[in-house]
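**Student:** Using the hints provided, position chain B relative to the given structure of chain A.
What follows is the residue order along each chain.
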Amino acid sequence: MSELNELYQQLILEHNKSPRNFKKLDDATHHAEGFNPLCGDHYDVWVKVEGDKIVDIGFQGSGCAISKSSASMMTTSVKGTTIEQAKQLFEKFHQVVTGKLSVDENIEELGCLGALTGVSEFPARIKCATLAWHAMHSALTDAEETVSTEETKN
Amino acid sequence: MHTHSFWNHPKDISMMETDIKNETSFDVETIRKDFPILHSLMHGKPLVYLDNAATTQKPLAVLNSINTYYREQNANIHRGVHHLSELATFEYEKARGKIKNFLNAAESKEIIFTRGTTDGINLVAHSYGRKNLRAGDEVIISAMEHHSNIVPWQMVCEETGAKLRVIPMTDDGELIIEEFEKMLSPKTKFVSVVYVSNSLGTVNPVKRIIELAHHHGASVLIDGAQAVAHTKVNVRELDCDFFVFSGHKLFGPTGVGALYGKKISLESMHPYQGGGDMIRSVTFEKTTFNDLPYKFEAGTPHISGGIGLGAAIDYLQKIGMDSIGDYEQELLEYGTAVLQSVSGLKLIGTAKDKASVLSFVLENIHPHDIGTILDREGIAIRTGHHCTQPVMQRFGIPATARASLAFYNTKEEIDLLVKGIEKVKGIFG
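Residue numbers (our numbering), protein chains in the order written: chain A, 1 to 154; chain B, 155 to 583.
Chain B extracted, bound-state conformation:
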């Protein structure tokens, strides 16, 4: 049904990767040409975009695919007999197939289109959680979860009487796996943890966490929002029961994302929302639900978003996730070294295994003030609690300044960040 994917054309890939490896290094200048927004000016200065953990910029390939969809393919999907509707359905389902390959899922029906990571977690918490959690059961999350992986579980726990438990972390921002092991018991029904922390950059040992949880009979959801842009994900190797991510953090459009679920888990779950497209037949007496994945996709979806996300995945696979990961680690190492050399600067999140997130605080200067001054230098960073208030509480700080890097960033941009930070320090004397 889903006819095209990169993995069906191994020759194409090897050619692309060889091309890139033949360069002396990762050709970031060529890559930057693919992102129109990176060439704009902010307050008269060249934009230095270091807020990629919040959202990523979109390459021309994504912008063009959305444009082409609306200009040449726009129709509602899964319902028309006319050619345009078939075309739109084909493109949308092709995108589902690309996501399936990107995550290495077994079947396309295991990929549910969502509005994003938050929507995916809510779907699982409400559909799977409500059905399977009872009073006295336990759900385990971690100390570094985004609010979107805390609040839905709190809501379901309150409703079902289940208890929410939290894996603690060290001062470096690493989960304490021994403590997690001690928490596991026959009461543990669900474990929901983040793969890569958005505020600390920590890459968690999710494979180990999944193994341990499964050993105790608990199902596991992995919040992959910050992981997918930096590392190759293989849901079958991880053996997670659910995996969620957002398109807009993967160089695709906002308002679209995906939930991967093992077929056996998804089939056992009730629909999350009712409406069109998710039914097989409806009478006023009874409705029978559609098969996977449509059972969880009520209403007309974000069709152009799904297609744009598919284009983003194609784009990334052309460059190669391994090349991207290697280059970003180089940037991270460079950024870590130069930031640590700034006096009065303290990095928050110093785990051994990290993605390209540099969260920091400056002595006696609030992150907001850092953010405003850097903005006037054209440098976009995030300041605040990053929707991880418990992480801020853990480190006893109100907020951090966060520079988060993508593969289109450069060492020169990191130098500009450091120069900007020195300016901040100058103003505050």
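For reference, chain A alone in the conformation it holds in the complex:
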């Protein structure tokens, strides 16, 4: 059960139950959808950018506890950062959950996202943890595009 406890930490279950920023932004400057055609998980991510700063972010959609809590924690982690910082955080998060970077060395930098690093032990669930992130990345890069987990490398 230890790996399971590692995966379904209290913080994850709590974000799953009460996701933060679970809202549509009517004044968003960027938007994208994230979709996993293999399981049907689906999220919309809206971002409001002023200058190079993310001043607000929201998401809606449905999926498992991992994808929803990751989306929720993503919004709290990148709100107030610059676009560049958000992209860098995604890169780091992605590398840690896919096992390319060590969890221990990066856990502090990841903040609350550290709760999601248990996913690295569950290869089938990495796409869940990164789905909303891909959508945010797509929103900030090529606005108004649907990203599919099957076109990306996790």
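By construction, these hints were calculated from the structure, which means they are not laboratory data. In this text the structure is predicted, and so the values were computed from the model without any measurement. Possibly wrong hints are sitting among the right ones.
Unchecked claim - Straight-line distance between alpha carbons at most 20 Å, and here's what the computed PhoX-like set of lysine-lysine pairs gives:
| id | chain 1 | residue 1 | chain 2 | residue 2 |
| --- | --- | --- | --- | --- |
| 1 | B | LYS506 | B | LYS386 |
| 2 | A | LYS17 | B | LYS579 |
| 3 | A | LYS100 | A | LYS87 |
| 4 | B | LYS187 | B | LYS199 |
| 5 | A | LYS17 | B | LYS577 |
| 6 | B | LYS386 | B | LYS472 |
**Tutor:** Just chain B now, kept in the frame of chain A:
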């Protein structure tokens, strides 16, 4: 030409069935010994394999037949004068004969080897559909089709201008036959429906559907992918024009399956693919096609797969499809009762006539999370939309968790599933 089959040896069968009936009940423990993989550990726990609608496990008889083929019989078929090639051809064609008997087709030439159900449907949609469908014609499928019985018809309809119509279903997951009757008209040219739903378990009244369609002059394909492992199929009694299934859902290898077609239908159709084996003569000016079934079997086929599928059919017939069906119904009834007693659990698919598929959702817990936690308990189920997204849309859910049972499963395994579900609920509080 196809010399051996069980039905040619009725004595063998009656002996086997008597043996089994003499047991106090279905001897599942003995049967489990035939499946090596069922004795493996997953995450340190005994494997509880409940994903049989996705693919079934293979008995030793199938594994041994494939091994024997490659060790002792391997050669290309239908072309060599040497002995090995004759031997391989004999074994492959013997397997075709076993499929013919298994489905109770009239002739072996009505059995076309395919890569599986999807391949069989595509063959019919493209070969029969393209030739016979015109703008304004209608093709009818049902609300519970697998994507493989939706997309090929959409493609052909788009190309020909025919219209795709869908038989609706009730909240229990039963097709509304009165609505189907209303849809039928002289415009209806083809009806393609699933025998047993992979995501709901519903057994559809295909005989009635075939009768109604024929009454209006339409041809019918039955997707038997989920049916063949659970029930005896008799294509002549059903009177379907086409019937398709996959080997790997019938305890045989992946990558092989069969299409049954009435001779008159198959003969009227153009080949689906061109190549070796499907021709009689080729010049650069003109090619004449081979006879049935070879006309539809271009290229070197999955020879070991066909032979393995034949071995799977032998194995099943030794146990007896009726015994298998009875035992699975017992499991289904037990599973339905114990799952319904779990608070917060809702079964999706509650038709009166069902095969051993238990699709469910848990309140506030996504099927993926259920699947991951059960996996750590050694329990393999499928979670997701099961390649039936329209079914999920019909029930307003993104996905289900699905336990699908085979005759090697036990009530104890269903108890472990329930225990696992309670653990899931515990974690999610």
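**Student:** Now tell me if each hint is right for this structure.
**Tutor:** How the hints compare with the structure:
1. LYS506(B) to LYS386(B): holds (19 Å)
2. LYS17(A) to LYS579(B): holds (14 Å)
3. LYS100(A) to LYS87(A): holds (17 Å)
4. LYS187(B) to LYS199(B): holds (18 Å)
5. LYS17(A) to LYS577(B): Since the Cα atoms of LYS17(A) and LYS577(B) sit roughly 18 Å apart, the hinted pair holds (cutoff 20 Å).
6. LYS386(B) to LYS472(B): holds (13 Å)
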